[in-house]
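If you're matching them up, the sequences are chains G and R in order.
Read in order, the letters of the first sequence correspond to residues 355 to 664 in our numbering.
Read in order, the letters of the second sequence correspond to residues 5 to 530 in our numbering.
Warning: the hint list may mix true and false statements.
Claimed, not checked - Covered stretches of chain G, as calculated for chain R (at least 3 residues, CB under 8 Å): (1) 416 to 430; (2) 440 to 448; (3) 522 to 533; (4) 604 to 612; (5) 619 to 625.
What the hints assert, rightly or not - Not close to chain G: a few residues of chain R, all C-beta gaps over 10 Å, as computed: (6) 133; (7) 150; (8) 182; (9) 265; (10) 343.
To be verified - DEER-style ranges, computed between Cβ atoms: (11) R/265 / G/571: 56 to 62 Å; (12) R/185 / G/432: 17 to 23 Å; (13) G/492 / R/269: 35 to 41 Å; (14) R/385 / G/421: 49 to 55 Å; (15) R/265 / G/428: 49 to 55 Å; (16) R/369 / G/428: 53 to 59 Å; (17) R/190 / G/654: 31 to 37 Å; (18) G/421 / R/87: 51 to 57 Å; (19) R/190 / G/356: 44 to 50 Å; (20) R/375 / G/447: 53 to 59 Å.
It should be emphasised that the hints constitute simulated quantities derived from the structure, not laboratory data.
Bear in mind that the values here come from a model prediction, so they are computed numbers and not experimental data.
Cβ atoms here follow ideal geometry from the backbone N, Cα and C, with glycine treated the same way.
Spelled out, the chains give:
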Amino acid sequence: MTQYVAKRLLLLIPVVIGILLITFLMKALIPTDAVTAMYSGQLSEKDAAEAIATLRAKYHLDLPWYQQFFIYVRDLLQGDFGDSIRLRKPVMEELGYRYVNTIILTLASLGIALVVGLTAGILAAVKRNSWLDVTATTVGLFGISMPAFFFGLLLILVFAVWLRWLPVVPKGNLALLLPALALGLIEAAPISQVARTSMIDVLSRDYIQAARARGASELELVVRHALPNALIVVLTLVGLQIGNLLGGAFIIESIFSWHGIGELAVNAIQWRDFALTQAIILISAATYLVVNLVADILYAWLDPRVELST
Amino acid sequence: MLNRRQFTLASALSMGAIAVSGTGVVRAATPQVARFRLPIEPEGLYNVQSISAVVSGVLGNYLLEGLVYLDAAGKAQPWLAQSWQASEDGKIITFKLKSGKTFHDGTPFNAESVKFLFDTILDPKSASPTKGIVGPLSKVETPDEMTVVFTFSKPFAPFINLLGQSYFGFNSPTAVKAAGNAYPRHPVGTGPFMFDKWVPGASIELVRNPNFKQFRPDAANQGLAYLDRVILNVMTEDGVVTSALLTEELDAALLTADGVAPFQSDDRYTIINDQNAKNLMFMEFNYKKAPFGEKAFREAISYAIDREAVLAAAFGGNGKIALGPLSRGIPGYDDAVAQKYGTPYDQKKAKQLFDAAGWVLKDGVRTKDGQPAKFTIRSYASSSTERALAVIQANLADIGIVVEVGTADWGTFYPGLLKPDWDMDLNRWTWSDPSVMSQLFRSPGHRQLLPANDAIDNALDGADTALDTSKRLAFVSEAQKALLEDRRILPLLTDWPMTVTRKALQGYRVDYLGYVYGADLKIASA
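Chain R with its partners taken away, still in its complex shape:
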């Protein structure tokens, strides 16, 4: 017996089936629907206004497409672009576009669409957070319908690879202009799914793009998306997400090591590790405060931290320890440099270095010139940083350095570092290009307190301006070496984000930048 509600649902479904078969397409009566979690409601799905992780994820997985994508080796490959060419002086890059792509609203994708995005980003009125990312880009021109010319005030090497980020996926200019302020809640792109509806505070629903053309050869599905509908539920609590995976109300979710534990021995679920992860957790020193301006002191501390223990405590061992200052997931990471110039955990050596620097151990605490080795270390509040800090604190206590730990939410912690009253911090950044090193560690540094260092600064400037790949990689290696030699930061680890998926969800895999191949997703019928 069907109750009234089930009956309505059943008749709606059968009518849907009739409608579909009426067009001559034969498809199972049950629509293919996949449900995913959003950890927070996006402020709006418009890449010009927001580049938070949740916004970029939704846009990059389902809705928008860019000029290039990064292949398994991290190399840019043409996507909506046909080809590109840099000028001799590296200040002009010309893109030829592929034809035959249309936006969800039926308007064609062309050079104007590309120009429109970058013009909007460059317009000061947009106050776009991506403006800083495109660096020295000065203008965009369209000599013909399928050609775009980017002009820079100085050569900007990271540009091509950055274009793979969904920050530079294309929105329909017609839709943006028509919707005005309402656009961020009605995004229109060229991707495998189209925006359908937004239930404020609760969910975002997407439907299959019936006119989709797959331009990415690395996608398994070269046709239309398999799923009829994607439902993204806003769910803030990890514990509740675990329950929803267990009751099959969610098909996949990104979880912390603790959240993943219940699924580890359950064969109805698969745990996917993103081993290409591009994050780096590291410690920084306040160069403006004694004794952290002294290399000998920073070096001694660098040998004192047991990275394996930090990784185990903070991420359940899920990741890899880091000796180099660039995440191993980023193209240009030089393992030889990391091994040769890095500071692997060596408590004995740390003690010797402190002794040699004149820090005398007395009653468990080292002192020098009457100053006891008592310092502070700050970080942002999260279960992983707090556990990492506990290990770091214990490691340093073992060699006679007393640290007081302080955490606050990111919005307090990070801007607070600009006021140089701290000693050390524990930080973590994710980025897809080696330019992260110059953004953070080129003098004066992201927190305005690093002294000029020619070896570091020249290598980083070279890496940011050399358009030739092999030249650039040489600079990137040189920069890693110079950063390690200065002991500018203490690299700790790269963690691998973990996604739990139901076995019934098929085709779930992430590309080099961590985006899901939306069109490949499929729900296996029971």
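Bound-form chain G, shown alone:
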């Protein structure tokens, strides 16, 4: 087990280098850099050539991309993610609190997605072909098809403007509720669909029949005997969904003024603020890889038939 985890963590290194290389190549293809973007559109652009040159040299933007790449990797190995050119401060100073915000939003959404998705999926499987099943499946279909930004605006309209239950401008603990609902409910849809299918499959197995023959109650059958096995499939899906949640957060954060890395990423790209963009990509990728690793380990732990090997 330890060996497996160590191997998987080591694998992160080539992945990270690959991501770095791809983003640097993309940077080389983009015609502008952060300094040019900052001054372009100012009337002083022409006269500010000196200032532009100073800043470009300071941030090594005057070097070829591969040299910039080596400087970046060298600094990164020393734990330095560089400075944001637009914000004129170290990238990590801005990223730190925003990353925490994004993780909070992701976990809250995941919680909602699991509670809503599993409940709906299990009920639909147990009461198969009933009105409950049809309703859950139909609503789930809507959820899968609904774009996050539209659903987000819809929630604001209903809960903040019409019902006046929640504020539009984020305030206190309630601020988390709407964005988490917007992301969580959408992600609940695929969870409920998978949970339903998997539950139906497990409920038709022989050992369930045997348990039923021994006189186990329906509730006991579902919760104690069927659910743990049905959950294994759901777990794989959840691991993949964390990626969706991180991606969805990029849009939802802008709509709900939730100040996470997604909102920052949108600005950073517009500013051509490369150090900032790069750090966001790295941190998102690392999060995704680690979450999948954790999901794989949990998978092996829940299902003894699965062996961890590389």
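Could you slot chain R onto chain G? The hints should help.
Same frame as chain G, now just chain R:
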């Protein structure tokens, strides 16, 4: 019944009321708080480092004050300055300052504060975007505590009017030096409000400056600001801003024509149009690429665009079409020249001009010497430019010119124009001084492809160096005429930015440069 949270709030408020009444000031227990929207989080509130619209707005509305302000006619009036005098050769301008102004940190405003700002801007280490704006400024001296002497390498006519911009509002030198790199997040000025706190990513809060002295006679409120607190919320999405105005979580916000629509027939809101707007939307031609180097071709295109239709599509009709190359909000705009030398929409004339230039219409597309009239037009991505482009494309198709439209974000579009592989562009600039014409259209032009043209270049140089107002205005008129005669650009329109305010918010009005009179703002009690 109060729940625990409401109780805490209520007791905090009543304690606040007691504290205030303890000083002998009688004031309502409810603090006056106004909430506004920031479309993006400012990178820092320091004018030496950033002059983006959102930064200049916050600084100019609430925190900083300058040497001059522009009155309703666009003329510079003394603000923190008492008076000024230019030397005979126009290379030296001497300012006398008013006394009695202090910064939020208690330090006095004086000639040193002025020198400190301009020295920092001129210092190459600051890499300040304002350095280019002060042009030929070479040094700043302070012969005594209340006198500042600006020396230029050549006369620089736009200087006085530019001083009205918040780029040249004053920061406390003591605070700048003490805070170092942290200063942009802790600005200290002399304005009606003081910086209080910055919640990263979320909001910026300002409080009333208790020692404020109003030096602007055109402000309605000559005393302390009415509001206790100003909260600026970072909100990126227009749709969400509309909702926040409806739930009264915002008191005012700048919105697009689409965003304003829900408030148009709602008497709880007022829509304020800035009819002094100083922007101009226009089309440019790539002189280095045939056939755009030919005046006849540019002229033919200039008659083909239905500006009213563009204005209606892009801004809901909210603005005014432009025939002249200078925004009508900028002092020096010459309407007589625009009417006489402009190219009003005239499809028939456009067709005749193309025919005369040898562009023959065949199967709906014009051709000349075997070359079909198929071109590209570029712009930056926004709902207004995209709608404007749709009209332009249709107008040109009507007369047999096929254009392919391409948009990208500003950071790609604008620097991309330096590579001369494009045909036409749709652009929009905002500036407060006629020097915008020389910055953009004096050869070689802002995109490095305009040929020298004596009539244009001499008039623009004259406008930039004549310190005498009437002489300068004559040059500015001449430049507008010369630009139109060359058909250098195709002026389209000036749009009026629209702000939706709640009726309860009173005193919301903008000055000539578009700054809000911060001290005048007030929330009417329900």
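Structure-based check of each hint:
no.	hint	verdict
1	416 to 430	violated (count 0)
2	440 to 448	holds (count 5)
3	522 to 533	holds (count 3)
4	604 to 612	holds (count 4)
5	619 to 625	holds (count 4)
6	133	5 Å, violated
7	150	29 Å, holds
8	182	18 Å, holds
9	265	15 Å, holds
10	343	27 Å, holds
11	R/265 / G/571: 56 to 62 Å	59 Å, holds
12	R/185 / G/432: 17 to 23 Å	21 Å, holds
13	G/492 / R/269: 35 to 41 Å	38 Å, holds
14	R/385 / G/421: 49 to 55 Å	32 Å, violated
15	R/265 / G/428: 49 to 55 Å	54 Å, holds
16	R/369 / G/428: 53 to 59 Å	57 Å, holds
17	R/190 / G/654: 31 to 37 Å	52 Å, violated
18	G/421 / R/87: 51 to 57 Å	55 Å, holds
19	R/190 / G/356: 44 to 50 Å	49 Å, holds
20	R/375 / G/447: 53 to 59 Å	56 Å, holds
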